[in-house]
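Peer 1: Sequence:
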Amino acid sequence: MVKIIWKGFTEHVIRAPRRPLPPDVHPLLIPRRHYWLKAILLAAPVYLPILASLYLKNYLLQTDLRDKPWIVAGMALALLLGPLHECLHAWCYPKGATAYIGVLYKRFLFYMDCGASISRGRYFVMCLLPMLLCILPWIIFLLCPAEAKALASLCWGCAIMSAVGPAPDYMNALCAWRQVPRGGYMQEGEDGRDYWYVSTATTPDNTNIHHK
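Under the numbering used here, the letters of the sequence shown match residues 135 to 346, in that order.
Hints are computed from structural coordinates only; laboratory data are not their basis.
Among the hints, a few may not be true.
Unchecked claim - Mimicking BS3-like on lysine-lysine, the simulated pairs with C-alpha atoms at most 30 Å apart in a straight line are:
hint, residue 1, residue 2
1, 202, 191
2, 283, 137
3, 240, 137
4, 202, 240
5, 191, 283
6, 202, 283
To be verified - Estimated spans, in silico, between C-beta atoms of each pair:
hint, residue 1, residue 2, range
7, 240, 218, 14 to 24 Å
8, 142, 182, 15 to 25 Å
9, 182, 266, 16 to 26 Å
For glycine and all other residues, C-beta sits at the position ideal for the given N, C-alpha and C.
All chains, full assembly: derive it from the sequences and hints.
Peer 2: Spelled out as structure tokens, the structure:
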């Protein structure tokens, strides 16, 4: 299992040990123009059903499950689950890898940096696994009876925030799906950019990729 090291509150991302990039790498191209707008739109298939489910459930139960203080509390809970979000990313890496997890205190942004290469397929899992933090509270919300208004609001707030927050992860997964061929591997360079390459030999998952 991957070894996770908590780096605490830091001013910048603490890099995990990494190997030099192979000679035949290609940069993973991430659109920078209107990046956040594109990422939020890309996340729409995730958060729109959650948004619609609130109004649909209100209609079916003939009640209003919206309790604003509890919805805000659910959103705050989603933010506090940041370390778990990053752990879910880290747990996708192979045995023997080392992952650094910390918080950029100036931006209150959680990050994870892992000193291990990752295959194309595993990269998709790594990007999307934190969706569990969205799906699980959403399921609880859907199962809540009308009397459990506080719990329903808490879970809905957590679900909607956990659906929107990982929008950059969805963008990374989409870019990798479009650009990286099957059998490809990904690694982050010293410049902080992600690169991909295809190895003609069996490549162990033990170089590096960075995620935040």
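Peer 1: Next step is simple, just say for each hint if it's right about the structure.
Peer 2: Comparing the hints with the structure gives:
1. At most 30 Å may separate the alpha-carbon atoms for a hinted pair to count; residue 202 and residue 191 meet this at roughly 16 Å.
2. Straight-line distance between C-alpha atoms of residue 283 and residue 137 comes to about 40 Å, which puts the hinted pair past the 30 Å bound.
3. Distance restraint check for residue 240 and residue 137: the Cα-Cα separation of roughly 26 Å lies within the 30 Å cut-off, and the hinted pair is therefore satisfied.
4. For the suggested pair residue 202 and residue 240, the alpha carbons sit about 28 Å apart, so the restraint of at most 30 Å is met.
5. Distance restraint check for residue 191 and residue 283: the Cα-Cα separation of roughly 12 Å lies within the 30 Å cut-off, and the hinted pair is therefore satisfied.
6. The hinted pair formed by residue 202 and residue 283 meets the criterion: a straight-line CA distance of about 10 Å does not exceed 30 Å.
7. Roughly 22 Å separates the CB atoms of residue 240 and residue 218, a value that falls within the hinted 14 to 24 Å.
8. One distance hint, 15 to 25 Å for the beta-carbon pair residue 142 and residue 182, is violated here, with the actual separation near 36 Å.
9. Here the CB-CB span from residue 182 to residue 266 is close to 19 Å, well matched to the stated 16 to 26 Å.
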